[in-house]
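Please model the complete structure; the sequences and the hints are all you need to start from.
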Amino acid sequence: MGARAVRAVRGPVRVRQIRQVLLALVLLAVGLVMIAPLVWLVAESLTEEKSAFSLPPSWTPSPFTVDNFRAVPGLIPFGRMALNSLLVAVVSTGGSLLVSVMAAYAFSRLSFRGRETLFLIVVSALMVPVQMTVIPVFVLMRTLGLVDHLAALWLPALINVFAIFFLRQYFNTIPRELDEAARIDGAGHLWILFRMLVPLSAPALAAMTILTFELSWNSYFAPLIFLSTPEHMTLPVGLVTLQNGQGGSSVVVFAAITAVVVPVLAVFLVFQRNFVASIASAGLRG
Amino acid sequence: MTTAPVLTVPGPPAAGPGRAAPAAKRADRRSRWAACAFLSPALLLFVVFIAGPFVVAVVLSFFSWDMLTPPRFNGVGNFTTMFTDPLLYKALANTFVFALASVVTHLAGGLLLALAVNRLMNRVLSYFVRAALFFPFVISWAAVALLWKYVLDPTFGMVAYYLDAAGIAPPDWFNDPSWALPAIIGIDFWHTIGFTFVIMLAGLQTVPRELVEAARSDGANSRQVLWHVTLPMMSPTVFFAAVVTFIGAFQIFDPVQIITPNGGPDDSTLTVVMYLYQKGFQSFQAGYASAVSLLVFVVMMAVTLLQFRGARRWVHGR
Amino acid sequence: METAGTAGTAVRGGHTATRRQVLRAMGAAAAVPAATALTGCGGSPSSGSTLNLVYLGDATQQKTFDKLFGAFARAHPKIKISARGIASKNWAEFANTVSTQIAGGKVPDIISVATEGQRLFASKGLLEPLDSYIEKDRETVDAYFDDADPRLRKWTSEYSSPDDKTYFIPGGYNTVALYCNTEVFDKAGVDLPSDGWTWDDFKQAGLRIKKKTGAFLLPAGYSFPFVDIMPWLLSNGASTLDADWKKSTIASPAAVEAAEFVKGLVDAGLSPKPGGTFDVPTQMDKGNLATFGGGRWPTLDVRRLRMVDKVRIVPWPTGSGRGSPVGWDGWPILKASQNKDAAWTFLKWLMSKDASVFFAEIGGTNIPARNSVATGPEFRKNAPKGTEVLAEAVTYGTPIPCPRQSAEADVAVTRAWQEAITGTKSPREALRSADRKLSGLV
Numbered sequence: 001m002g003a004r005a006v007r008a009v010r011g012p013v014r015v016r017q018i019r020q021v022l023l024a025l026v027l028l029a030v031g032l033v034m035i036a037p038l039v040w041l042v043a044e045s046l047t048e049e050k051s052a053f054s055l056p057p058s059w060t061p062s063p064f065t066v067d068n069f070r071a072v073p074g075l076i077p078f079g080r081m082a083l084n085s086l087l088v089a090v091v092s093t094g095g096s097l098l099v100s101v102m103a104a105y106a107f108s109r110l111s112f113r114g115r116e117t118l119f120l121i122v123v124s125a126l127m128v129p130v131q132m133t134v135i136p137v138f139v140l141m142r143t144l145g146l147v148d149h150l151a152a153l154w155l156p157a158l159i160n161v162f163a164i165f166f167l168r169q170y171f172n173t174i175p176r177e178l179d180e181a182a183r184i185d186g187a188g189h190l191w192i193l194f195r196m197l198v199p200l201s202a203p204a205l206a207a208m209t210i211l212t213f214e215l216s217w218n219s220y221f222a223p224l225i226f227l228s229t230p231e232h233m234t235l236p237v238g239l240v241t242l243q244n245g246q247g248g249s250s251v252v253v254f255a256a257i258t259a260v261v262v263p264v265l266a267v268f269l270v271f272q273r274n275f276v277a278s279i280a281s282a283g284l285r286g
Numbered sequence: 001m002t003t004a005p006v007l008t009v010p011g012p013p014a015a016g017p018g019r020a021a022p023a024a025k026r027a028d029r030r031s032r033w034a035a036c037a038f039l040s041p042a043l044l045l046f047v048v049f050i051a052g053p054f055v056v057a058v059v060l061s062f063f064s065w066d067m068l069t070p071p072r073f074n075g076v077g078n079f080t081t082m083f084t085d086p087l088l089y090k091a092l093a094n095t096f097v098f099a100l101a102s103v104v105t106h107l108a109g110g111l112l113l114a115l116a117v118n119r120l121m122n123r124v125l126s127y128f129v130r131a132a133l134f135f136p137f138v139i140s141w142a143a144v145a146l147l148w149k150y151v152l153d154p155t156f157g158m159v160a161y162y163l164d165a166a167g168i169a170p171p172d173w174f175n176d177p178s179w180a181l182p183a184i185i186g187i188d189f190w191h192t193i194g195f196t197f198v199i200m201l202a203g204l205q206t207v208p209r210e211l212v213e214a215a216r217s218d219g220a221n222s223r224q225v226l227w228h229v230t231l232p233m234m235s236p237t238v239f240f241a242a243v244v245t246f247i248g249a250f251q252i253f254d255p256v257q258i259i260t261p262n263g264g265p266d267d268s269t270l271t272v273v274m275y276l277y278q279k280g281f282q283s284f285q286a287g288y289a290s291a292v293s294l295l296v297f298v299v300m301m302a303v304t305l306l307q308f309r310g311a312r313r314w315v316h317g318r
Numbered sequence: 001m002e003t004a005g006t007a008g009t010a011v012r013g014g015h016t017a018t019r020r021q022v023l024r025a026m027g028a029a030a031a032v033p034a035a036t037a038l039t040g041c042g043g044s045p046s047s048g049s050t051l052n053l054v055y056l057g058d059a060t061q062q063k064t065f066d067k068l069f070g071a072f073a074r075a076h077p078k079i080k081i082s083a084r085g086i087a088s089k090n091w092a093e094f095a096n097t098v099s100t101q102i103a104g105g106k107v108p109d110i111i112s113v114a115t116e117g118q119r120l121f122a123s124k125g126l127l128e129p130l131d132s133y134i135e136k137d138r139e140t141v142d143a144y145f146d147d148a149d150p151r152l153r154k155w156t157s158e159y160s161s162p163d164d165k166t167y168f169i170p171g172g173y174n175t176v177a178l179y180c181n182t183e184v185f186d187k188a189g190v191d192l193p194s195d196g197w198t199w200d201d202f203k204q205a206g207l208r209i210k211k212k213t214g215a216f217l218l219p220a221g222y223s224f225p226f227v228d229i230m231p232w233l234l235s236n237g238a239s240t241l242d243a244d245w246k247k248s249t250i251a252s253p254a255a256v257e258a259a260e261f262v263k264g265l266v267d268a269g270l271s272p273k274p275g276g277t278f279d280v281p282t283q284m285d286k287g288n289l290a291t292f293g294g295g296r297w298p299t300l301d302v303r304r305l306r307m308v309d310k311v312r313i314v315p316w317p318t319g320s321g322r323g324s325p326v327g328w329d330g331w332p333i334l335k336a337s338q339n340k341d342a343a344w345t346f347l348k349w350l351m352s353k354d355a356s357v358f359f360a361e362i363g364g365t366n367i368p369a370r371n372s373v374a375t376g377p378e379f380r381k382n383a384p385k386g387t388e389v390l391a392e393a394v395t396y397g398t399p400i401p402c403p404r405q406s407a408e409a410d411v412a413v414t415r416a417w418q419e420a421i422t423g424t425k426s427p428r429e430a431l432r433s434a435d436r437k438l439s440g441l442v
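Protein chains in written order, with my numbering: chain A, 1 to 286; chain B, 1 to 318; chain C, 1 to 442.
Don't read these hints as lab results, they were simulated from the structure. Note that this is a predicted model, so its numbers are computed, not measured. No false leads were slipped in.
Pairs of lysine-lysine, DSS-like flavour, derived with a Cα cap of 30 Å: (1) C:K67 <-> C:K381; (2) A:K50 <-> C:K381; (3) C:K348 <-> C:K381; (4) C:K106 <-> C:K335; (5) C:K437 <-> B:K90; (6) A:K50 <-> C:K210; (7) C:K187 <-> A:K50; (8) A:K50 <-> C:K310; (9) A:K50 <-> C:K212; (10) C:K80 <-> C:K348; (11) A:K50 <-> C:K286; (12) B:K90 <-> C:K425; (13) A:K50 <-> C:K63; (14) C:K425 <-> C:K211; (15) B:K90 <-> C:K247; (16) C:K63 <-> C:K78; (17) A:K50 <-> C:K211; (18) C:K335 <-> C:K136; (19) C:K247 <-> C:K425.
Structural data, given as structure tokens:
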């Protein structure tokens with residue numbers, strides 16, 4: 001079959017153009033529907049209480065005001081909660097990456113008896129749902145007096161089996177000859193790991209950082225169980241205590257949601273490429 | 001959601017340690033020490049926060065315990081209760097419905113969107129669509145659930161308004177047993193489709209160009225290319241997405257708990273994990289809750305194994 | 001069970017009840033002041049001369065508590081006091097958290113407990129009997145009770161103690177009446193009742209309002225039994241439990257009739273669909289709602305929205321008679337407290353007229369137990385006309401039934417009411433299934 005036949009199958013230029021336009025229109029509609037609730041959220045949160053939530057929905061804030069945001073701290077200790085969330089996310093992410101990198105190194109580069117078995121045991125933990133371990137962990141935390149402390153959140157988060165697995169897989173793709181060469185030059189394990197493998201694994205580490213941070217930042221189940229005083233809460237649980245607003249009105253609740261959502265979206269837009277790549281890589285590789 | 005990937009990984013074969021090493025015994029011993037040092041933090045944490053609690057949970061499932069007074073041995077009592085607990089059956093049924101619906105909608109939606117976006121020529125629009133699809137996934141469930149309660153408010157919400165304007169009587173979403181779960185499925189789709197979409201798009205881009213071109217020059221039309229080249233090549237991705245989506249969906253908790261804290265009208269949105277939470281942390285039946293958690297574990301494992309088994313038949317390259 | 005305590009309830013029920021209402025009600029019902037402390041957290045030291053108070057609720061109530069403590073500090077500069085909110089979902093969970101914290105060495109001295117939690121706490125053996133303190137300060141205590149409605153004291157000993165001892169000093173309370181938007185009524189040409197109205201009058205008014213203005217009559221709900229369910233039951237001579245809280249009465253013909261009436265309001269389009277998310281006071285301000293139910297706490301919203309002048313409070317319409325739930329705060333001292341004397345000093349101060357007036361002034365969310373304050377100018381300042389209706393309701397009110405398993409009972413009741421008024425099941429069927437669950441619990 002010649003070129004003509006191919007063209008016939010693909011259709012003439014004209015048809016293709018029409019198809020593109022149709023496709024563009026459909027996708028544009030999908031995109032708009034996806035972000036509509038968010039646009040509405042932001043718009044209402046910036047609207048004066050008396051005019052908010054009118055129907056048909058208004059997509060721009062008018063009359064404009066930032067008073068709703070000012071009222072948020074009167075409802076929940078927002079700043080404190082944001083700080084708590086940040087603290088937990090940073091410590092969990094940093095700590096778990098450190099622990100995972102070391103374990104991954106041992107599993108990838110060091111030889112010892114029972115290595116593969118041990119690795120299998122550790123990795124099989126991925127099958128254990130958090131809900132199963134949460135009651136014993138709760139009891140443990142209670143014994144340690146850590147219930148209602150942020151440590152109850154970040155301490156268990158330090159062990160991140162998926163990161164260990166993912167990083168070991170990645171380390172395994174880095175040629176061993178590099179280690180050998182370094183070792184001949186007198187380098188120790190720490191040097192090889194932190195000066196060589198870690199920099200070489202930057203994309204994998206970036207992916208893990210993003211995923212772990214996102215997971216911790218958005219986590220609801222564990223904080224719901226472990227935290228009870230508002231000053232100790234992280235943002236997601238704090239937000240839910242607002243339910244219908246407890247002293248302020250729906251616009252203030254909207255302001256609080258917006259204050260949680262918009263920074264995250266902004267960060268996402270900046271790192272979109274890395275973010276999406278990390279999800280895709282965790283998905284495909286992992 | 002991040003958990004499952006492991007299983008699919010056709011990772012590079014682990015290079016055998018020591019194979020290449022000229023490995024004197026001394027070096028070997030040193031490496032053993034190093035292994036100890038490098039692994040101990042992870043292993044300690046693993047034992048304390050995963051393996052230990054796992055064992056404790058299994059043991060606890062044979063006790064009845066209110067978390068305050070000492071536990072009482074209860075034999076298989078929790079399990080026999082479980083088999084006759086109508087609410088648990090209801091929760092299981094709801095969870096399976098949710099998980100299946102979630103897998104089907106996400107795979108179909110994600111694949112279609114990926115194919116469509118992949119064909120879109122306009123760069124700006126393509127960027128916008130990809131960002132818009134992914135936006136909700138970045139937001140915490142807490143925010144999403146709160147927001148959607150307003151969006152779906154049956155009287156003053158915007159969906160009710162538009163449906164009304166279109167001449168459709170808006171359902172009373174969270175009061176109507178036949179609508180509550182579908183509403184949650186819809187919200188979940190909005191929240192999580194970006195994830196599936198990204199994975200599908202990445203999978204689509206791994207399909208070798210040459211194969212497609214070759215098929216085309218052999219006279220295959222677009223549909224044929226899709227069915228006979230693209231999809232088979234993408235099957236590992238689709239399979240991965242299915243497993244991850246199922247596992248995530250089976251553990252669904254946040255949105256149902258936030259939107260319908262009681263389990264919805266007629267328990268129509270009660271999920272297994274929610275039930276577990278209620279039993280464990282609201283009625284303080286830690287033993288029974290542990291037994292239920294064991295069930296969740298078994299179901300998840302069984303379904304995952306089944307999926308792998310079935311996958312052998314149709315996944316390309318397996 | 002239902003109510004006052006509410007916090008638990010509402011939250012679980014989700015939609016309608018606004019958590020705010022609940023917290024307020026708690027605060028109201030429960031707490032005199034309600035508020036908390038910043039206290040940081042967890043680790044507030046519990047020894048020395050610092051008193052620790054815990055309450056069920058979150059940071060919203062903090063300011064009120066802080067103000068109250070400020071006033072206390074002026075009277076008793078040597079005793080420091082700080083409050084900490086615990087955002088539990090119900091009183092059972094709250095009691096559990098408190099027990100856990102006590103076991104962990106964090107011992108609170110005082111707790112603010114709503115009616116729902118009182119029996120639970122007392123029967124868990126966590127509380128110190130107050131009788132010897134009361135004996136010692138007879139004069140102060142008598143002066144307080146002489147000024148309060150005698151029912152409060154009677155109910156506290158009847159319902160909140162598993163034995164003959166006294167564990168709580170009752171504080172402020174809440175009842176339920178209707179907040180009405182007079183502008184909507186005027187526009188529809190409907191007169192507000194000057195002296196009570198019946199369910200029928202109420203529904204007729206609603207139909208007329210709907211026709212003339214398009215506004216809804218009342219937001220019918222289910223997740224906040226104190227407001228959504230109990231007033232209807234009690235104004236028809238029904239309730240969820242009998243007077244001893246021993247037997248379920250939720251499926252009585254009068255109760256079914258009440259549910260049917262409310263369902264009728266919903267079916268006639270006189271209520272927004274139950275379970276909505278938007279806050280009720282704002283909708284009223286916009287003219288979308290003619291009335292909503294509540295105790296003292298909505299007054300704060302009414303003030304915030306600057307609609308005090310267009311709102312009037314009237315008694316709940318009557319079915320077979322007048323009725324309102326009553327929930328109140330109880331103030332106990334913890335058995336494990338190291339500072340019992342200082343704690344008693346605080347309770348004594350709370351009973352003083354000064355404290356009561358002060359609380360009314362700073363925007364408390366309940367009705368002061370002292371009648372002289374409840375009818376006084378401080379309480380009625382900047383409040384809707386008809387505010388006295390709330391205090392009057394205690395004379396015909398019924399304590400909100402709260403058995404020990406109030407959380408489970410609440411779930412059963414709210415669930416049934418939801419099914420009944422949204423038409424998932426017939427009211428009779430729905431209440432019958434709640435009846436079975438309640439009977440199993442009490």
